[in-house]
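Protein chains in written order, with my numbering: chain A, -18 to 153; chain B, 4 to 511.
Lysine-lysine pairs mimicking BS3-like chemistry, simulated, CA-CA at most 27 Å apart: (1) B/142 with B/162; (2) B/142 with A/103; (3) B/381 with B/493; (4) B/145 with A/68; (5) B/162 with A/68; (6) A/98 with B/142; (7) B/279 with B/223; (8) B/21 with B/70; (9) A/98 with A/135; (10) A/103 with B/162; (11) B/162 with B/70; (12) B/142 with A/68; (13) A/103 with B/140; (14) B/142 with B/152; (15) B/404 with B/381; (16) A/112 with A/147; (17) A/112 with A/135; (18) B/381 with B/346; (19) A/103 with B/145; (20) A/68 with B/140; (21) B/140 with A/90; (22) B/145 with B/218; (23) A/68 with B/195; (24) A/90 with B/142; (25) A/68 with A/98.
I should point out that these hints are in silico values taken from the structure, not numbers from a laboratory. The structure displayed is predicted, hence computed values, not measured ones.
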Amino acid sequence: MTSTNGAPVSPPEAVEFPPKEIKKECDEIVARYPTRMAACLPVLHVAQRHFGGWVSPEVEAGVAEYLGVSDSHIRGLLTFYAMYNDKPAGRHEVWVCRTLTCWLLGAEKLRETALAKSGCEKPGMTSPDGKFLVKNMECLGLCEAAPAVFVDGKPHVNVSNEQLEKLMDACE
Amino acid sequence: MADKVSTIFINGTEYPFKEGQTVIQVCHENGIDVPHYCYHPGLSIAGNCRICMVEVEGNPQPQISCKMQCAPPPWVSEPLKIQTESEVAEEGRSGVMEMLLVNHPLDCPICDQAGECHLQDYSYEHGGGKASTSTAKTKLPKNVPFGEKIVYDAERCIKCTLCVRFCQEVTETNELDLGGRGDEEIVIMTSKGEFETPYAMNIIDICPVGALTSKDFRFKSRLWFMDFAPSIDTSSAKGVNITTGGREGEFLRIEPRYNPGVNQWWMSDEGRLGYKFVNSPTRVKAPLVRGENGELAEALWHNAIDAAGTALRASPGDVLVDGGCTLEEMALAQELASAMGAKAKFAAATGEGDDWLITEEKGANAKGGEMLGLARAKRASAAAVLMIERDEHVNASMREKAGAVVVFALDMEQVPDSAQVVFPMPSWAEREGLLVNIDGLVQAMERNQGIGPGNLTPPVELLEELIGEFDDAYEWRGREGVIESIRAMKAFEGVPFPGDTATAEVGA
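Just chain B, with the same shape it has in the complex (with noise of 0.2 Å):
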């Protein structure tokens, strides 16, 4: 008996391929791009929306890439060869494009997913431009909600059933399915009217098209006109990565981003909602130096520190810092404690988890701190610095007993009336950064250029100088460097870093 074939040409070049690997996997993963939309790696393969058509050499029709074993039959003692891009697939592909707009409303200048739509690239890419019918389109139900934060649009809907098969296998809380049939096939929910799952709204993500939109992001802004980069949730302590969205100083969306080991392609409903505080209109934007009549009046940066650096002499004492905090930054906070002759803290909250991506811990970084060394604060902590980015993490109670004169706040509201300095606190999405999440993975999260007020100094170097008011002979050395002795630490003996090579995929 031949050997068991172990490889698949493509497009003339030999690739291996794993067993039970279906060809448009190994084209993936050979950088060799085939159209999809019903294809989702994440879950069962469908093999409805015949876009990811190829040419299998010996055969005269095209086949659906998504579906089709790299593996040649039993008989077959050859490798199978494949061409993505010859004048049969091409052909093939215009076709299905041609029949999936039959019924498309094609309203790409009041859609929302206009500029991530696949079905937009794909008409540009292999659409042939021209409809061989001529009779009307069909009327459906538009403008459904699908729970409070969800809006199905049928007529643009290509009935992928990728949203129906998330339902199914990774929630398995079966709330969406099909309806009808034919031209009228339509997805519909189940007549409790809200999903039980609190991680729906990742449908909205996988829908390749603008049926499934998000009613917080609706209408907001064109993709185009926003700032992208990638950063961690920090509404948990899972470290789910994702990418941060803003425009113009506005926060306005939050998207998962992939990672195998952590959160796949997820992430729940409230970290993807959990931004709104940034927004805040009374966001503290320059730094604040109480003056003599007792008001808290705006100050030049330089004056700011020196009017910090001699309230903390006059009062020193304890920094208590915000579980989200990141490594750098409660670093920092240790060695400028340690400089007064106190202790760094963080406080961070806890609340309900499950089993998958929400966790009890809230605190983004607790981890993280309770690696560093630092202790986890009491409900009543007296602090003489305090840095605060969330509300839930150092609550209002917290923030009025600790007594702090100098404040890291996010928000006016924030500010306790013991402050004497207050210096603008940037949310996470607008630093750079290290967390560890509840696992001990440490991952980076990168500033978006788009979000909060700018011109913000970063905590770190704000810290490092406070730390100079204390220190004379103490050396600037920047966040690599913060980052450097931080991985001299006992605790972080092997621990990998983003960017060493070990951890080459994570955060990617």
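Chain A on its own, in the form it takes in the complex (with noise of 0.2 Å):
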């Protein structure tokens, strides 16, 4: 792996996965498909959840291992789907919706919002406090009450920037 600005990382010590409180877990989700390269995805969300929100590059070499495929490839679909963390995860995720009608309908407003209110530098980024996670995701599927936003998984609706900042001050 190298960094964005092109020096070289030392390769990751993969960490022992499955570890045993989702081993069962994990053997269940692969005998469910005909080949093990198929179950990345719902490994990777047991994963998500086991590592405290987020997989790390440890974590990525791991599942790659159990499941017998190219780190690059877990990296390809952790960069690729917009629920995957590849970075620490805050305690609280504000999910803003980057698709086309919540745009036309203020979405950017609501980004910088978040944004200002949680202090995080850009979307996908932590605070430096580690109380939120700013996310842009794609079409939340509630255009018809656009604007929405997710907090920490519950969505809401026609959301104006006061009501954004009362729902982030609502959380611990």
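With the hints as a guide, bring both chains together as one complex.
Here is the structure:
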């Protein structure tokens, strides 16, 4: 793996995967599919849940080893699908829609509000105090009541800036 | 039921097709140009670049020709009618070009791919020259090392996935994959950070744009200042077809050349980077003769030949040639040896190989030597004449122990103390000749005018001169004549040579 500025990064040490707490669950998922590669997405969801809401490079390497695929494939999945976190997650997650309807109805303002309120530098990053993770999300399926946000997995529709601030204030 | 349709109309002309062929394949077979980025005949079809659009008569929208079967749907009994140059097709392509260039940095003036970039070519041919968007271009990682030999620039990348598919399908080592999505999609590498495959640099050739460049060749030269010539890779005995590239005497790069019977489109990294010794600053550039003071001094060619004749008459012996010498050189070495009443031998190294393009035999023409009846030299072997190109074949201890008086050497470092006369040995990129690969296939290599010191008399001519020193009745045959006499040998009976109609395809 290489960092974005091109400096080589030493390969991460793979964690033992799956740990015994989730071994049964993972094995059951793998057994459902004709190939081990096909189990990548559900196993990654389990891994993310178990390892504190994000998939570290070490876990990534462990999952790759467990499923017999290259770790670049796992990395590709993690960075393609918006619901996986490849950086440490905050205690609360705010998802702001970035697809057309919400965007036309002011999601851009909501995003700015969420970033300013949380102190996150840009979408996809955790705030310095570790409280919030603000993410861009593809269509949340709530176009009829745009703009929509999810706070900790709960949908909120027709959200104004003030409402979003209140929602975030309510987070501990 | 109607007969199966087995033809297709392209631009009004009817062409036959084989089952399973796609439109772009039939177009290319028949010399019809269809632009393409993500299509490669040696890899699976991805259909993601969209530039190969053609018009299908009866369809309102253009379709991609790389993935479109020539066979019409089963309920259609008429051949498909394709237009590759129509307005619909051109409009589609110019739209694709515009989208590809939305985030492309357009840094052609500093890009190594300039001159062989499909993006440049197709932008010129099919691009509209205008952009409908005014948003800022995305910033993506640049100068990312992919292993030790390759550099990746994500901003130039058009995500055609040729490199990813090469690592998945040809080498099956899966080092590369796509990460991110949308305009932030980039090619990513496995965390090991190094390629397992010794064939990784092929991704530089197949990259249609300047996203993957060779660390070795980066910023060395503009393509249009370089000379290119078809040749054969001499780092192993597989006979991989290559194109040599040089400029003003300097050897700059090697790229594989398509040969379906030998290497398809590929070559090993070892062969690709195995040219450095040619650029040595201590190359032998003129004939040298040892004077009375015991020092080697430059001499005129004919004086050096006279001196070599005298030295050989005084101490005749075996002729030991490099395993990478051409068939003609080996045949003449044999004649020279028999004129002296001795034998010709060849020396070739062996090393690690794989079951593909890297052979354990390293002598590029070792098979040719065996077919001519030359013996393989053992480690210490006396010889009067030495022909040395690569150090690994005729190594230092062999050179010193041979006690040769006449030496053909590429580099001054290779000249043993016993040498009375030294002739410059041109590297393989500077010689023309025939090589027999490990499977017995005879292939030709051509001289690249842009490589080497130039003005070097080919060893074939020098060997003929030396034979003439022993045999007054010897008639000059030239390279063509030597090839004729090789073909008359029993070992070469029925062996096709380049230029024969039967092998017209080989080495083309």
